[in-house]
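J.: What follows is the residue order along each chain.
2 protein chains.
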Amino acid sequence: MKELLIKNVLDTWNSNIQRTDALFNSLTNEQLENEVAPGRNRGIYLLGHLTAVHDRMLPLLGLGQQLYSHLDETFITKPDKAVADMPSTEDLRDNWKEVNGKLAEQFAALQPDDFFKKHTSVSEEDFAKEPHRNRLNIIISRSNHLSYHLGQLTFLKK
Amino acid sequence: MKELLIKNVLDTWNSNIQRTDALFNSLTNEQLENEVAPGRNRGIYLLGHLTAVHDRMLPLLGLGQQLYSHLDETFITKPDKAVADMPSTEDLRDNWKEVNGKLAEQFAALQPDDFFKKHTSVSEEDFAKEPHRNRLNIIISRSNHLSYHLGQLTFLKK
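Protein sequences appear in the order of chains G and S.
Okay, so the first sequence: first residue is 5 according to this note's numbering, each after it adds one.
Okay, so the second sequence: first residue is 5 according to this note's numbering, each after it adds one.
Repeated chains share a single entry, so a pair holds when one copy, or any two copies, can fit it.
Here are the simulated BS3-like pairs of lysine-lysine, each with C-alpha atoms no more than 27 Å apart in a straight line: (1) Lys6 x Lys133; (2) Lys11 x Lys121; (3) Lys101 x Lys85; (4) Lys122 x Lys106; (5) Lys162 x Lys101; (6) Lys101 x Lys161; (7) Lys106 x Lys82; (8) Lys6 x Lys122; (9) Lys6 x Lys121; (10) Lys121 x Lys106; (11) Lys162 x Lys85; (12) Lys11 x Lys101; (13) Lys122 x Lys133; (14) Lys82 x Lys101; (15) Lys11 x Lys122.
Hints in this document: simulated from the structure, not taken from any laboratory.
If you're wondering where the values come from, they're calculated on a predicted model, not measured in any experiment.
Pulled out of the complex, with its shape left as it was, chain G reads as follows:
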């Protein structure tokens, strides 16, 4: 039953990643320069934001070091258009794929019980009281975060 649940959560995660990946692949660099709606984030910012948030899942889940910590300030700490010197769109597209590939590889290597272990931003003490603050919960939460921005990114399609 545990395995089923993990499958449910990972299937949803993977499906969201695939849909978002297909969308990014279908958009040109020029389209990614556009705001998803007037006055809102640009596609390029959301590409960087999702990459940075997924990248931080590696240390958060205790699955390795963050690969591209230089993205944090531009795409998490600061809002869109606050940083003039952005990475190139091609680099961001590569980082996005790399990070999600790394996560997929790490998820595949976990044993079922591993998904119920604590994530690294909760103390042993708090985890004893709140055992739902486990790795799977982070994946569920980030999956919803991805859906949220995917709904916005879809507006970049004509």
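Model the placement of chain S on the given structure of chain G, informed by the hints.
T.: Chain S in isolation, oriented as in the chain G frame:
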């Protein structure tokens, strides 16, 4: 562990409902008449759409009859602006609350094992082969669907 997983999924569902509910409450009827982005769905359509999709979860999960089946054609079958005769915004706001309240009540009455039972759109035969097609999977999937549209609805805020 089963209970933890259910808690993880229901917490995410409830949090999405609360965020969306707070957003709808903060928007005037006039704001809901606006498109979330140029040429895209209006807020009122997404309110009806989410209400109808959540309403259909009742029969899909085997938790009761759909309450407002008259919404299906306008808000699921057809796209926005295809039906001239829409329900009033006040009625939709009430239906939205009613449907989510009913779901919350039904979820609270389920035993842990009940979440792993099949939903009603999968046959016994297929479920034997694909046991992940259970109720919890529908809740995970609809939670992501809600996040997707919540990301769009947030653009209605000034």
